[in-house]
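From first to last, the protein sequence lines are chains A and B.
Using the numbering used here, the letters of the first sequence correspond one by one to residues 1 to 118.
Using the numbering used here, the letters of the second sequence correspond one by one to residues 1 to 114.
Any given hint could turn out to be false.
[Stated by the list, open to error] Capping the alpha-carbon separation at 27 Å, the derived lysine-lysine pairs in DSSO-like fashion look like this:
1) B:Lys63 to A:Lys41
2) A:Lys64 to B:Lys101
3) A:Lys64 to A:Lys41
By construction, these hints were calculated from the structure, which means they are not laboratory data.
The model shown is predicted, which means the values in this text are computed figures rather than measured ones.
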Amino acid sequence: GAVVSQHPSWVICKSGTSVKIECRSLDFQATTMFWYRQFPKQSLMLMATSNEGSKATYEQGVEKDKFLINHASLTLSTLTVTSAHPEDSSFYICSAPPLGRDFLYEQYFGPGTRLTVT
Amino acid sequence: SQKIEQNSEALNIQEGKTATLTCNYTNYSPAYLQWYRQDPGRGPVFLLLIRENEKEKRKERLKVTFDTTLKQSLFHITASQPADSATYLCALDCHTGTASKLTFGTGTRLQVTL
Numbered sequence: 001g002a003v004v005s006q007h008p009s010w011v012i013c014k015s016g017t018s019v020k021i022e023c024r025s026l027d028f029q030a031t032t033m034f035w036y037r038q039f040p041k042q043s044l045m046l047m048a049t050s051n052e053g054s055k056a057t058y059e060q061g062v063e064k065d066k067f068l069i070n071h072a073s074l075t076l077s078t079l080t081v082t083s084a085h086p087e088d089s090s091f092y093i094c095s096a097p098p099l100g101r102d103f104l105y106e107q108y109f110g111p112g113t114r115l116t117v118t
Numbered sequence: 001s002q003k004i005e006q007n008s009e010a011l012n013i014q015e016g017k018t019a020t021l022t023c024n025y026t027n028y029s030p031a032y033l034q035w036y037r038q039d040p041g042r043g044p045v046f047l048l049l050i051r052e053n054e055k056e057k058r059k060e061r062l063k064v065t066f067d068t069t070l071k072q073s074l075f076h077i078t079a080s081q082p083a084d085s086a087t088y089l090c091a092l093d094c095h096t097g098t099a100s101k102l103t104f105g106t107g108t109r110l111q112v113t114l
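Start from the sequences, fold in the hints, and give me the full structure.
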């Protein structure tokens with residue numbers, strides 16, 4: 001089956017610093033990847049759609065200058081949380097549909113990254 | 001406003017019984033609906049997908065129904081086992097021509113006891 005990895009699996013950082021989270025599709029290519037955020041006991045909220053070779057599209061209410069997304073290759077998307085604050089502490093999850101299967105197919109999710117900002 | 005609601009935050013059932021989870025939505029016209037399983041501290045894992053023109057889909061002990069008139073999907077796990085304990089999420093895709101974007105429900109935490 002298709003595997004998506006995330007790195008790191010958890011990170012603790014100080015307020016004001018930036019944190020980069022990587023999302024990799026290990027055995028398939030993806031022109032599109034999605035970034036979600038999940039607060040405790042809440043559902044996944046889509047933050048942005050990462051598009052290989054072009055700018056990401058952000059959901060309403062998500063600050064694009066704070067959450068920088070880069071999709072440099074067909075297997076890697078990165079999310080950088082800039083000037084992190086305690087309220088950014090959350091579980092960040094990426095997903096991807098395999099290339100050519102971006103309609104009417106399931107998405108493969110990474111294991112998530114737990115970010116704690118102190 | 002758009003809303004996706006799953007019947008209860010938590011559901012406790014006895015091993016061997018059938019668990020039935022509900023997903024209701026308002027102000028959406030999904031092309032299809034998906035169900036995922038999420039274990040604590042992990043990403044969701046795909047279980048089943050059902051299209052708007054399908055009434056029912058089965059996979060082993062799992063069954064999903066989709067009623068676009070009622071705007072509801074039911075997710076059944078038959079002969080439930082303690083290993084089925086997890087949070088189950090429904091997700092809608094209102095595909096508009098580009099890659100699908102999923103909107104998730106709040107989830108139902110299922111606990112199967114011996």
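Do the hints match the structure? See the list:
1. B:Lys63 to A:Lys41: holds (25 Å)
2. A:Lys64 to B:Lys101: holds (18 Å)
3. A:Lys64 to A:Lys41: Cα-Cα ~25 Å, so holds.
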